[in-house]
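Engineer: If you want the building blocks of each chain, they are given just below.
There are 2 protein chains.
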Amino acid sequence: MAISEAEAVVMDVLWRKAPRTAEEILAEVGPAQDWQEGTVKSLLNRLLRKKAVHAERDGRRYLYTPLLTREQYVQQESKGLLDRLFGGRVAPLVAHFSEQRKLSKKDVSELRKLLQELDDEQH
Amino acid sequence: MAISEAEAVVMDVLWRKAPRTAEEILAEVGPAQDWQEGTVKSLLNRLLRKKAVHAERDGRRYLYTPLLTREQYVQQESKGLLDRLFGGRVAPLVAHFSEQRKLSKKDVSELRKLLQELDDEQH
DNA sequence: ATGTTATGTTTACACGCGTAAATGATCGCG
DNA sequence: CGCGATCATTTACGCGTGTAAACATAACAT
Chain E
1 MAISEAEAVV
11 MDVLWRKAPR
21 TAEEILAEVG
31 PAQDWQEGTV
41 KSLLNRLLRK
51 KAVHAERDGR
61 RYLYTPLLTR
71 EQYVQQESKG
81 LLDRLFGGRV
91 APLVAHFSEQ
101 RKLSKKDVSE
111 LRKLLQELDD
121 EQH
Chain H
1 MAISEAEAVV
11 MDVLWRKAPR
21 TAEEILAEVG
31 PAQDWQEGTV
41 KSLLNRLLRK
51 KAVHAERDGR
61 RYLYTPLLTR
71 EQYVQQESKG
81 LLDRLFGGRV
91 APLVAHFSEQ
101 RKLSKKDVSE
111 LRKLLQELDD
121 EQH
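The listed protein sequences derive, respectively, from chains E and H. Following the working numbering, the residues of the first sequence are numbered contiguously, the last one being 123. Following the working numbering, the residues of the second sequence are numbered contiguously, the last one being 123.
Everything labelled a hint here was simulated from the structure, so no lab data went into it. Errors might be hidden in some of the hints.
To be verified - If you want a taste of the chain H side facing chain E, the calculated C-beta under 7 angstroms gives, among others: (1) Val-74; (2) Glu-110; (3) Leu-111.
Bear in mind the structure is a predicted one, so any value in this text is a computation, not a measurement. From the three backbone atoms N, C-alpha and C, an ideal C-beta is built for every residue, glycine too.
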C-alpha cells in the first residue's frame with residue numbers, strides 16, 4: 001500500500017536522521033505542520049502497519065527507523081508520474097518544464113554537465 | 001479540489017477527442033479499466049462538480065467537453081511532485097532518472113537537442 | 001397515452017486519509 | 001505499593017475515492 005502525503009512528511013524527518021523518538025519527530029514537524037502529538041502517533045502506526053518504518057523499544061519509548069528508503073519512495077512516486085503523464089519517457093517531461101519556463105539557469109548548466117558525463121561514461 | 005486518478009482517466013479520453021457522450025467514454029475506457037456504466041457516470045458527475053468538464057445537452061444525452069486542459073493538469077501534477085521530491089528543481093529530477101538508468105538513448109538525444117535550442121534562443 | 005429504452009442523477013458503501021480524543025500500559029517517585 | 005506522568009495503542013469522525021446499484025426522467029415506438 002502506498003505512503004500518503006502526510007505519512008511522507010514523517011518519513012522525511014526519519015530520512016534526515018534516524019532513529020528518532022515520536023517526540024523528536026513531533027518537535028521537528030509539529031511547528032511547520034501544526035500537528036498534535038496524536039496525529040504523529042497515528043501516522044507512525046500506519047507507517048508501521050505498512051512496514052515503512054521499524055520501531056525498536058528503548059526503555060519506555062520507541063525508536064523509529066525507516067525501512068523504506070528515500071530512494072525507493074522517490075522512485076515509486078516519480079515513476080508513477082512519468083508513466084501516467086509522459087508515457088514513461090524523461091525527455092518529454094523536461095520539455096514540459098522547459099515550455100513552462102521552469103528551467104533555471106542552474107538547471108540548464110547541470111543538465112548540460114549531466115549529459116556530458118553520460119557521454120564520458122560512454123567511453 | 002484535485003482531480004483523482006480515476007477521474008483523470010476519463011479526462012484523458014476527453015483530451016484525446018471531445019465532445020463525447022458518456023457512452024463513447026465508456027466504450028473507450030471500459031475494456032481497459034473494466035468499469036461499469038455507473039462508474040463512468042459518477043466520475044463524470046464529480047468532474048462536473050469540480051468544473052473540470054462541461055456538459056451540453058444534445059437531445060436525450062449530454063456531450064461532455066473538458067474545461068481543465070491537459071496542460072493545466074500536467075502542470076499541477078508535475079509541479080507538485082517536483083516541489084515535494086526535488087526541491088522544485090528540474091536537474092535533480094533528471095539526475096535521479098539518470099542514476100536509475102531510466103534515460104533511453106532517445107531521451108538523451110532529445111535532451112541534447114532541447115538544450116541546444118535553449119542555447120539558440122538565448123540570442 | 002403508455003410502456004420500454006436510453007440516459008442521467010441520487011444514494012450507497014467500504015476504504016484510506018487527516019486529524020485527534022480517549023484509553024491503556026509502563027516507569028519513576030514517594 | 002500506589003499515583004502521577006509519560007508514552008503508545010485504539011477508537012473516532014468527517015471527507016474524498018472507487019465502484020456500482022437504485023431511481024428518475026425523457027424520448028421513441030406502438
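Engineer: Give a verdict on every hint.
Structural biologist: Going down the list of hints, with the structure as the test:
no.: 1; hint: Val-74; in the structure: holds, 5 angstroms
no.: 2; hint: Glu-110; in the structure: holds, 4 angstroms
no.: 3; hint: Leu-111; in the structure: holds, 5 angstroms
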